[in-house]
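K.L.:
Line by line, the protein sequences give chains W and S. Using my numbering, the letters of the first sequence correspond one by one to residues 1 to 322. Using my numbering, the letters of the second sequence correspond one by one to residues 1 to 320.
Worth flagging that the hints you see were computed from the coordinates, not collected in a lab. The beta-carbon is built from N, C-alpha and C at its ideal position, and this holds for glycine as well. Be aware that one or more of the hints could be misleading.
[Said to hold, decoys possible] Simulated pairs of lysine-lysine, DSBU-like, Cα-Cα distance not exceeding 30 Å:
no.: 1; chain 1: W; residue 1: Lys-45; chain 2: W; residue 2: Lys-67
no.: 2; chain 1: W; residue 1: Lys-311; chain 2: W; residue 2: Lys-252
no.: 3; chain 1: W; residue 1: Lys-311; chain 2: S; residue 2: Lys-107
no.: 4; chain 1: W; residue 1: Lys-252; chain 2: S; residue 2: Lys-107
[Unchecked claim] Derived, one-sided and incomplete: chain S residues facing chain W with beta-carbon distance under 8 Å:
no.: 5; residue: Leu-30
no.: 6; residue: Val-87
no.: 7; residue: Ala-185
no.: 8; residue: Lys-186
no.: 9; residue: Gln-247
no.: 10; residue: Asp-250
[Claimed, not checked] Example chain W residues on the side facing chain S (calculated, C-beta under 7 Å, incomplete):
no.: 11; residue: Ile-177
no.: 12; residue: Ser-222
no.: 13; residue: Val-223
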Amino acid sequence: MDIVLDFERPLLELHKRIAQLRALEGEDGVNLSASIEQLEAQALKLQERIFTRLSPWQRTQLSRHPKRPYTLDYVKDLCTEWLELHGDRAGHDDHALITGTARFQGRPVAILGHQKGRNTKENLDRNFGMARPEGYRKALRIMHLAERFSMPILCFIDTPGAFPGIDAEERGQAEAIARNILEMSRLTVPIFAVVIGEGGSGGALAIGVANRVVMMENSVYSVISPEGCAAILWRDRAEGPRAAEALKITAKDCLSLGVIDEVVPEPAGGAHRHPEQAIRTLGECLARHLEQLRELEPEEIRADRYDRFRKLGAFTQIQASA
Amino acid sequence: MANQGRRWFEQRKEFVAHKRSEGGAEVPDLFTRCPACHEPLFNEVLAANGHVCTMCGHHLRIDATTRIKLLCDAGPLEVHDDHLLSVDPLHFVDSKPYGQRVAASRKKAGCNDAFLAVSSHIHQVPVEIGSFEFAFMGGSMGSVVGETITRLFERAAERERPAIVVSASGGARMQEGVLSLMQMAKTCAALARLQDRGLPYISVLTHPTTGGVAASFAMLGDIILAEPEALIGFAGPRVIEQTIGQQLPDDFQTSEYLLDHGMVDRIVRRGDMRDEIGILLRQFLGLPALPRAQRPANRASDDDPALREGTDAKLEGSSP
Ligand SMILES: [Zn+2]
Chain W
1 MDIVLDFERP LLELHKRIAQ LRALEGEDGV NLSASIEQLE AQALKLQERI FTRLSPWQRT
61 QLSRHPKRPY TLDYVKDLCT EWLELHGDRA GHDDHALITG TARFQGRPVA ILGHQKGRNT
121 KENLDRNFGM ARPEGYRKAL RIMHLAERFS MPILCFIDTP GAFPGIDAEE RGQAEAIARN
181 ILEMSRLTVP IFAVVIGEGG SGGALAIGVA NRVVMMENSV YSVISPEGCA AILWRDRAEG
241 PRAAEALKIT AKDCLSLGVI DEVVPEPAGG AHRHPEQAIR TLGECLARHL EQLRELEPEE
301 IRADRYDRFR KLGAFTQIQA SA
Chain S
1 MANQGRRWFE QRKEFVAHKR SEGGAEVPDL FTRCPACHEP LFNEVLAANG HVCTMCGHHL
61 RIDATTRIKL LCDAGPLEVH DDHLLSVDPL HFVDSKPYGQ RVAASRKKAG CNDAFLAVSS
121 HIHQVPVEIG SFEFAFMGGS MGSVVGETIT RLFERAAERE RPAIVVSASG GARMQEGVLS
181 LMQMAKTCAA LARLQDRGLP YISVLTHPTT GGVAASFAML GDIILAEPEA LIGFAGPRVI
241 EQTIGQQLPD DFQTSEYLLD HGMVDRIVRR GDMRDEIGIL LRQFLGLPAL PRAQRPANRA
301 SDDDPALREG TDAKLEGSSP
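Here chain W stands alone, though its shape is the one from the complex (with noise of 0.2 Å):
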């Protein structure tokens, strides 16, 4: 299964010519390497000006593609001793959002991910990464065990939002994200979250309070999905792209508001074309902050979390009449 998103198709269009020039060359032994070095100058500008231009609904679609590297990509190649850890410990185990820990730069770590599937088998056992109230109740068990222990929690954000079901609501799926909210703002351990594809809403927050947010360049964070926000402000669902513009969702215009402290840039051509590129980048990143954070006492990250949420916000005061 290759996904091909339609900005994608001109360039790899161009590659796949490369690619038969360059087997022709190999068949025949002529000598090809003056168009294939032209082509391949012709691919390179054309990917910038595709990637550099990206409109916020392709970044979204970006944000959807099933070969991004997802939350297990990230945590087998950046950590070792990886173990998953499993259930909410009240009779429920989802796996839509996998927690356990591991050690990361030698050191013990506690994670805490959405998972999506690659397939539609894949994606019924995960449920698309959508977590019911037991995903977040698992993660909040394991956000506590992290606290005990004093290991610093890495959240891979890659959700379309919490489920919306009905035995997700029966089970209390509101009280589960609050929940998680406010633990996370009282935790005494480092923080870190990155949103590795989409970070939708509520069900992405809740796992989200972190001391350190950061994106992928092609993710996405938003208060409602663009097509949910298109069919309650457009009544269709069709004008998401409109929507994705509205909203600014995406890594610079999060940037820009606040919301997240660093954009973590991805391979030209996007993380779903060079997965190990882009969870090496990530990986000094989350180095550089993990880095810093070990510098505060464990009230300081208290605080410092505190601050950093107490801020976010935009209003101003009407002068009170004299």
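Once you have looked at the hints, place chain S with the ligand on chain W.
P.N.:
Leaving out everything else, chain S with the ligand in the frame of chain W:
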């Protein structure tokens, strides 16, 4: 999850026949038709009954000022943060620019945003209390609402008083995008600090409480009290139906359904809410019981200059 209150509300009519409809024709000044039983009710009688239908017990929507008057003791009252005003951080335009939407809502609802915060007393216990104003953009939570509620929790912690929040909201305000989402974290962090000070927080859920408001401070009360038949939940009924492709149970996401599933402590009729809150607060704070005869009157009978002046001043001060 954002700002869907009104629409959800309309949809509920399909699920809960007539129960919640507000569509009944209104005869100005004298009568209001009960949206549930369609009986015409004398406005004066309705107001005296806390805007609960005297025929069928349906709880009609009330504004934030009326809510505060019903819950708080007569006497001194201080209005907070009513001078905060939304800006338009995203330059958001749907059918009209967000700025115009806010201006229209200010005019319609008679307040600057969707939350009214006051310091007052309940059963002689000093409290920091606030209520959503549903008429203001469906009670949606943007930066101003988030800031006002955060300050309410911070003030309660500082003054060592209990906090009470009455919710009526469709959720986060879409027009402020991800900044609205961040208000969930901001308010909950302030609430955590209040809890760490050992002070009680009572959350009162009224129709509707959904989305980002439900998924933050509204569901985190030490005690959660709900008015009867309110719509309470994370996702909207239509979103759920579309996702799972099934009809929803009739009582799905009602107060009664949440009580059945262990999500709220009690369902409390509007007329009993003030007394139940007062009793709980005095129990939690170790204060002596206040016999019925000694309980102060609420503000409902007052002309309430404190509330009225607050409202007038802020609207004058804000006229462009
Ligand atoms: Zn009635």
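K.L.:
All the hints need checking, so say for each whether the structure fits it.
P.N.:
Against the structure, the hints come out as follows:
no.	hint	in the structure
1	W/Lys-45 / W/Lys-67	23 Å, holds
2	W/Lys-311 / W/Lys-252	19 Å, holds
3	W/Lys-311 / S/Lys-107	28 Å, holds
4	W/Lys-252 / S/Lys-107	35 Å, violated
5	Leu-30	36 Å, violated
6	Val-87	5 Å, holds
7	Ala-185	5 Å, holds
8	Lys-186	5 Å, holds
9	Gln-247	10 Å, violated
10	Asp-250	13 Å, violated
11	Ile-177	4 Å, holds
12	Ser-222	6 Å, holds
13	Val-223	4 Å, holds
Checked against the numbered hints given earlier, this structure breaks hints 4, 5, 9 and 10; the rest are met.
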